[in-house]
Structure formats: structure tokens, C-alpha cells
Amino acid sequence: MTLWVFGDSFSLTTNNPHPDQWMHRLGKELDTPVKCFGLHGSSLEFTYYRFNISRNEIQENDVVVVNLTRSDRRWFFKNYPTIHGYVAPDNDPNSLEAIQQYHQLLDKNQDVPNTYLLNFLNNLHYLTKRLNLKTVILSNANEEHNLMIEKQSQFPLFSIAKGMLRDLSINEYKKEFQYLLTETKIAGAFDPRMNHLIKSNHVILAYKILSNIKNKTPINLTEGVMKNVVTKELLEDESFIIEELFDSWTQSLYSLNLNNPAEVNEIFK
Amino acid sequence: MTIWVFGASGSAMMENTPDQWMQKLATLLHTDVKSLAIFGASLDFNYQKFNQIRYNIKNKDIVILYMPGFERRWFFKDRPSDTVMLELKATPEENNAIEQYIRYLDNPEVHELYLLNFLCNVDHLTKKLNLTTILLNPFVDLENFIDTKKDLFPHIHIAKGQMVYITCDEYKSGLLKKTGNTRGIPIMENDLRLNHMCRSNHLILADKLYNYVKNQIPVTIDGFKENIYTEDAVTDPGFIEYELFDKKYKKDADLVLCESFDNIVYKTRNDA
Numbered sequence: 000m001t002l003w004v005f006g007d008s009f010s011l012t013t014n015n016p017h018p019d020q021w022m023h024r025l026g027k028e029l030d031t032p033v034k035c036f037g038l039h040g041s042s043l044e045f046t047y048y049r050f051n052i053s054r055n056e057i058q059e060n061d062v063v064v065v066n067l068t069r070s071d072r073r074w075f076f077k078n079y080p081t082i083h084g085y086v087a088p089d090n091d092p093n094s095l096e097a098i099q100q101y102h103q104l105l106d107k108n109q110d111v112p113n114t115y116l117l118n119f120l121n122n123l124h125y126l127t128k129r130l131n132l133k134t135v136i137l138s139n140a141n142e143e144h145n146l147m148i149e150k151q152s153q154f155p156l157f158s159i160a161k162g163m164l165r166d167l168s169i170n171e172y173k174k175e176f177q178y179l180l181t182e183t184k185i186a187g188a189f190d191p192r193m194n195h196l197i198k199s200n201h202v203i204l205a206y207k208i209l210s211n212i213k214n215k216t217p218i219n220l221t222e223g224v225m226k227n228v229v230t231k232e233l234l235e236d237e238s239f240i241i242e243e244l245f246d247s248w249t250q251s252l253y254s255l256n257l258n259n260p261a262e263v264n265e266i267f268k
Numbered sequence: 000m001t002i003w004v005f006g007a008s009g010s011a012m013m014e015n016t017p018d019q020w021m022q023k024l025a026t027l028l029h030t031d032v033k034s035l036a037i038f039g040a041s042l043d044f045n046y047q048k049f050n051q052i053r054y055n056i057k058n059k060d061i062v063i064l065y066m067p068g069f070e071r072r073w074f075f076k077d078r079p080s081d082t083v084m085l086e087l088k089a090t091p092e093e094n095n096a097i098e099q100y101i102r103y104l105d106n107p108e109v110h111e112l113y114l115l116n117f118l119c120n121v122d123h124l125t126k127k128l129n130l131t132t133i134l135l136n137p138f139v140d141l142e143n144f145i146d147t148k149k150d151l152f153p154h155i156h157i158a159k160g161q162m163v164y165i166t167c168d169e170y171k172s173g174l175l176k177k178t179g180n181t182r183g184i185p186i187m188e189n190d191l192r193l194n195h196m197c198r199s200n201h202l203i204l205a206d207k208l209y210n211y212v213k214n215q216i217p218v219t220i221d222g223f224k225e226n227i228y229t230e231d232a233v234t235d236p237g238f239i240e241y242e243l244f245d246k247k248y249k250k251d252a253d254l255v256l257c258e259s260f261d262n263i264v265y266k267t268r269n270d271a
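Going line by line, the protein sequences match chains A and B.
Under numbering that gives the first Met the number 0, the first residue of the first sequence carries the number 0, and numbering increases by one thereafter.
Under numbering that gives the first Met the number 0, the first residue of the second sequence carries the number 0, and numbering increases by one thereafter.
Derived from the structure by calculation, the hints contain no laboratory data.
Predicted, not measured: the structure shown is a model, and the values here were computed from it.
Mixed in with the good hints, there may be bad ones.
Stated by the list, open to error - Which stretches of chain A does chain B cover? Using the computed rule of at least three CB atoms under 8 Å from a CB of chain B, they are:
id, region
1, 66-79
2, 90-103
3, 115-121
What the hints assert, rightly or not - The calculated lysine-lysine pairs, modelled on DSS-like cross-linking and capped at a C-alpha distance of 27 Å, are:
id, chain 1, residue 1, chain 2, residue 2
4, A, LYS34, B, LYS148
5, B, LYS159, A, LYS150
6, A, LYS77, A, LYS161
7, A, LYS77, B, LYS149
8, B, LYS126, B, LYS148
9, A, LYS128, B, LYS213
10, B, LYS149, A, LYS128
11, B, LYS246, B, LYS127
12, B, LYS148, A, LYS77
13, B, LYS213, B, LYS149
14, B, LYS76, A, LYS107
15, A, LYS231, A, LYS213
16, A, LYS150, B, LYS76
17, B, LYS57, B, LYS127
No residue lacks a Cβ here, since even glycine has one placed at the ideal position from N, Cα and C.
One chain only, chain B, in its complex shape:
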């Protein structure tokens, strides 16, 4: 059995970090875990990776979709992490093209259509291979889409609530800086937390996922630790070492993740 993880920064895996949620889950289930998530990835990237490895997914495997929001686009093939449209590391000409694309061309309905096709696709594989598939909804903007379409992918377990609340509620009240847009997404840059969560909540999430896999207890986004990220905590060595995984991932995470991702694809292709 293998746990396959898709998504973006919320599910990108750092090697040899046993308490990271997906690695902890793998330990609890005595199984292997492969995360195809990378920081900043868009939905498009996840669709492509899923299609690339779908024939490596075996009977009764576990698939966890911790998908990014609709607002990202994978324009530049060799830069799949560079997808947040207004923050792309692009040339002035490309930035101008992106701004015009957003203003005049972007048709949200089409992107909902792509997500629906993808989830139906995953749903069929879930049924065919008797997989356990869990969708962790990251943001408020996917909530309405999932609510209205969920009958079309009935074999995917949809966690109740949005992951962004775990991320936000870790901050002590008042410390959280909002972006000012209506979606209530906190500013993630300079977020020192691995997958935007403290270690305590990594362990809780792993436990909740384990309970669903083993006992079909629905995954809900409640019961997580709140108000643990305070102004004092950021400078507390004990907090940094434990809750922030000693921030080691900040130094080399991108490199390690990209390398491990390539290895995963290479290895699984050869295995097939």
C-alpha cells in the first residue's frame, strides 16, 4: 500500500521528517508515502502529475488531495512553483500579459470545469481500485464548488471545513495579517511553519486521516490547536525547535522537494 499526496505547499513533503503529517500517517499505517506536491503548485500541475502516475497507483492505495485554489496558473512549464499570477517571477512583458489575461480573458467557469473533470477522473479510479481518497479543501473559494458538485464524485471523502482555518487559528487572535481580499487567505510568504502548520497540528491531522482510513471516522477541521503562534513564540527556541521543526526546511526544502519529486517519478516509471 502507498499513500499518494497531491497539492501545493500544504502537502509538499520534506524528507526524513517523521512528524510531518503525511509521513506520520505513513508510520501509523506502516506504509510508504509519495508526495507529488511542490510549493506554489497550481491545480493544472496536480492534474498533470496525477495523469503521469495514475498507472502506478495500486489497489487499496490511499490518495490525499490537498489542492491549491483556482487563482494559480501554470504558464511556464519549467517553473511549476511559479504560479501565483500577480506574484510571478516574470519579465515585464510577461507581467503585462498576465495582468491583461486576468483583466480581460480569465474565464472562471472553465477552471471549475477542469477541476470537475479531474475530480470525476479521480473518483472513477477510486472506485475501480478500491482506493481511499480524501479531499482536503484548502480555501473558502473551493467550498461552494465542492458543495454543489460533490454528488459527481461520491467515492471521494471530502473533509469538512477548510484547511486555511487550521493555519489561521494557530495565530493568536489579532496577530494574523489578512490580505485584504474577501477570501480571508492569510499572507503565506515568510510563513515559518512547515505546510503552514505547527508540529502539534501535523500530528492531529495525521491522526484524523488515520482514523478515517482505519475506522471511516469523517475528517473534520476541528479539534486542532489554536492560538499557539504568539509574538513571543517566534523567538522562543523551544517553540522553534519543536513546533517549527527547527525551521530546517526553510534552508533546503525547495531543493530537496524538487529532487525527491523527480526521483519519485523516475522510480515509479521504472517500477511500472
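Only chain A is shown next, with the shape it has when bound in the complex:
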């Protein structure tokens, strides 16, 4: 059995992972190798791409966890999958202008990304049935979460988590300190938390997924999770940094230039 993980920064790992990171904790509990292809800043298109590369390697009874990122991200630049459609490689002014125009005038038909997502989910559901997979869907954003809820009867074999990873991430901060996340726009490189979660929630998330796989317990990310914990002071507290922010793990990960294709490839070595 193998644990496969696809998604964005909520699922990012390195070739030197921390054992308490949620996917590795889950892999350890399942006693299975982890193949994690989450990529910081990537779009759903990258998830589809990475899944298609792996699909023939997925075996019977494997576990697949997909973290669906926001559907407004776009993979415009082939060699830069971490640049998700609001910035451009080397801040090229022509590309930036084109991106701005695209979002302002052309990206108005939500039917199109929804359809792409449904095609992907249909393929994944078919594979889930054929290979008796355990497939878990975690959503980050409203659009995808609402679509999953609306269409969940079409995908009876998926375990669709209640609640969004984004809310889990934001609600870790006490209300009066959530402005800190707005300032950094949860942009990954500035969020001090590994996968935008404190360590306690990594472990909780791992056990929630484990419980679903073992006992079919529904995954509820709105209850039984750590909330209202993080304050500005705690972010500077050494013991909190060591205990909850994975200390140097996060620093080493985010010291990589994830907009550099060569360094992105390094992650997957």
C-alpha cells in the first residue's frame, strides 16, 4: 500500500520530511510509504497533471489524498507551476499586464474550471472504484468546497472532508491576530507554519484521516481541531516555534526559491 498526496502548499513536503507533518504522520500510522506531490502555489491544473503522471503507478487498496486548491489559480507558465496566475516569472511586465487583463476581462466563466474539476474527479472516482482505493478530498476554498458538497452524490466513494483547510489554517490564529495572515495573504513564503498549520493540527489532521480510512469516521475539520491559539507574541516565542512551527524545518523549506524550476525539482528528488 502507498499513500499518495496531491495538492498545493497544504500538502507540500520535501525529500527530508518531518515525521509530524500530517502526511508523514499518516503514512507512519498506516505503515506505508508516502508519495507526496503537493506543490506550493500550484494550481488545480498542476494537480491534474501530477495525478496523470502517477495514475498508472497507483495500486489496489492505496490511499489517495487530494487537497483541492483554489480554482482561480492558473498554470500559465509551463516551467513555473508554482506561479499560479497572479505573478509572473522575473516580474516580466508584459506577462503581469496580460495576467491583470485576463483576470479582469476574460476569467469570468466559472463553468469552465468547474467542468475541468468534475472531469478530474470523475476520473479519480473511476480509479477509486476500479482499484478499491481510499480516496480523501480536502478543499481549500469556497468554490471547490461548494462544488464538492453540491456534487457529492456523484462521488459516493470519496470521503469529502467537512470544512476547509483554509478555515482550519486561519482559525488557528486568535481573531485579533488574523490580520497578520491578511498582511502576508497566507502566501506560504511568509506564513511561518509548515503547510499553514501548527504542528498540533498536523497531528489532528493525520488522525482524522486515519480514522476515516480505518473506521469510515467522517472527516470534520470544523470541530476537534486547535483554534484561537496563535498570537503575535507566540510567533516569537522560542518554545512555541520549536513545538508548533517545526522550527528549522519550515525555515529550510521556505529558504528554497520555489519559483525556480530547478529547486522545485529538487524537492521531488
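Got chain A sorted already, so can you dock chain B onto it with the hints?
Same frame as chain A, now just chain B:
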């Protein structure tokens, strides 16, 4: 049994035209036909329509995919026929945005990925419902993609050759005006032919599709009539009446097609 047709101008259906290829096929098979194709549609539009009606497709139905090329985009939700990027009926600001999109942002790999996901999706349904699914490849630019990926959708029968050659070869040699791009796609505007084919070739195509459905004889793009569209033919009343379906579709096709399309979706939703 129902024949479900997807695509663009090559498969948009005109009501009460018994010799149009998909209607002729329906007659031969004694079945109903529903075309969800509309003029100018993009691949995106077809993906959406397929997902919209997939639960109306029943065991042993027939699905025919006569898909448009990669170059179209469905940017404007209420204008699904307005998709050919450099010819969009858009405002100057939108046109500027489209030009910049083409120049700086369009990532062809992503569009291949979407088509692959769609075809795999159709392939699974084909297997599950024991459908007969035929892919008519319109253009040269899809050929390489289909050739390299076809093992991933093994239950879809892929017609050999590109439909564009039927369209082009109807023209008498030298009369065909090329666009000048490398894909060899003829200029289709002012094409007086229904689905870009003369009636004779509609009937041949229907016959070939029938032979595949009934006898599993592979569909090939050969044996079609060539060199029938001459300079004289365009003014010949007999040619116009027979081969061009009297051009009636030119007057009201868009309206009829849009209305019939809405009716189809409405009807099938209620049926479900």
C-alpha cells in the same frame, strides 16, 4: 437507444434534415438523435455539456465526438459560439486582453491535459454503460495528441484520418483557399455547406458510422466524394438544392440550433 453528438459546426444539427449525417444515422439505426453541438463551440463547452447530460446517457447508447480544435476558448459564458480567439466579437479592451493572453499566457500543455481528462472520463462511461463511442478527429493538430494518448482511452473508437480532409477535398483542386497557417485549415466563414460537407458526403459518413455501430468496421476518412465543389457548382440551382441542402440552414440555423439545444437539455433534465 439514443445517439448523442458533441462538437461544433461539423456536428451542429439542423432540425428536420433527414440527410444530415447524424439524422441519417439515426434513421438507419431506428433511433433518436440529440446533438449538443453548436457552431463555433470550444472543447470547454463540450466538456461542460457532456457533464451536464452524462446521467441521461443510457446503456448501449451511441456517443459521437466530433470535437473542435485546441485553439478556441469559451471566455464569455453567454456566448459559447464566440470562441475563435482572434475573431471574437469582443470590446476593444477584451480583444486586447485576448491578444495578450495568446502572446504571454496560453499554456498548450494545460489544454491537452483537459482534453485527456475529458476523453478518459468518456472512456470510463463507455465501458460502464457499454456505449459505442466514436471520436471523429477534425484537425491535424489533434492527431499527434490522439496518437500518443490513445491507449488511455481504449474503449473509444478513433476514426482514422482527419475530417478536415473531407471538407477540403470536396473543393476542386486549386479552389480551396488556405488560411496560410501551418495547420492547413481552410477558411470556413462563408462556407455554404451544412457541417462543411456536401449532402453526398453526409450520406457516406452516416453509412460509415452505421457500419461501425452494426459491424465494427473501422471508420476511415477515405471513400468520400472529392472535387465536387467547383466554381460552376456554386451557381448551379441543382447543386445548391441537393448538395447544399438548398442553403436553408444559412437563414435560420443558428436560431433553430440554439432553441433545440435548450429544449434538449430541458427535456432530458426532466426525463432524468
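Hint by hint, here is what the structure shows:
Residue count for the region 66-79 of chain A with a Cβ under 8 Å from a Cβ of chain B: 5. That meets the three needed, and the coverage hint holds. For the region 90-103 of chain A, the assignment as covered by chain B holds, since 9 residues bring a beta-carbon within under 8 Å of that chain's beta-carbons and 3 suffice. Using a Cβ-Cβ cut-off of 8 Å, 5 residues of the region 115-121 of chain A lie near chain B, which meets the minimum of three, so the contact claim holds. About 24 Å separates the Cα atoms of LYS34 (chain A) and LYS148 (chain B), which keeps this hinted pair within 27 Å; it holds.
At most 27 Å may separate the alpha-carbon atoms for a hinted pair to count; LYS159 (chain B) and LYS150 (chain A) exceed this at roughly 37 Å. At most 27 Å may separate the alpha-carbon atoms for a hinted pair to count; LYS77 (chain A) and LYS161 (chain A) exceed this at roughly 33 Å. Distance check on the hinted pair: LYS77 (chain A) and LYS149 (chain B) sit about 23 Å apart at the alpha-carbon level, within 27 Å; holds. For the hint pairing LYS126 (chain B) with LYS148 (chain B), the CA-to-CA distance comes to about 17 Å; that is within 27 Å, so the pair holds.
Note on LYS128 (chain A) and LYS213 (chain B): the hinted pairing is violated, with a Cα-Cα distance of about 31 Å set against a maximum of 27 Å. With a C-alpha separation of about 22 Å, the suggested pairing of LYS149 (chain B) with LYS128 (chain A) holds against the 27 Å cut-off. This hinted pair does not check out: LYS246 (chain B) and LYS127 (chain B) have alpha carbons roughly 41 Å apart, beyond 27 Å. Annotation: proposed proximity of LYS148 (chain B) to LYS77 (chain A) holds, straight-line Cα distance about 20 Å (limit 27 Å).
A distance of roughly 23 Å separates the Cα atoms of LYS213 (chain B) and LYS149 (chain B); the hinted pair therefore holds under the 27 Å criterion. For a cut-off of 27 Å, the pair hint linking LYS76 (chain B) to LYS107 (chain A) stands: about 7 Å separates their Cα positions. Between LYS231 (chain A) and LYS213 (chain A) the alpha-carbon distance is near 38 Å, which puts this suggested pair outside the 27 Å criterion. Simply put, LYS150 (chain A) and LYS76 (chain B) have alpha-carbon atoms about 21 Å apart, close enough for the 27 Å limit, and the pair holds.
The hinted pair formed by LYS57 (chain B) and LYS127 (chain B) meets the criterion: a straight-line CA distance of about 10 Å does not exceed 27 Å.
Taken one by one, the earlier hints fail for this structure at numbers 5, 6, 9, 11 and 15, listed in ascending order.
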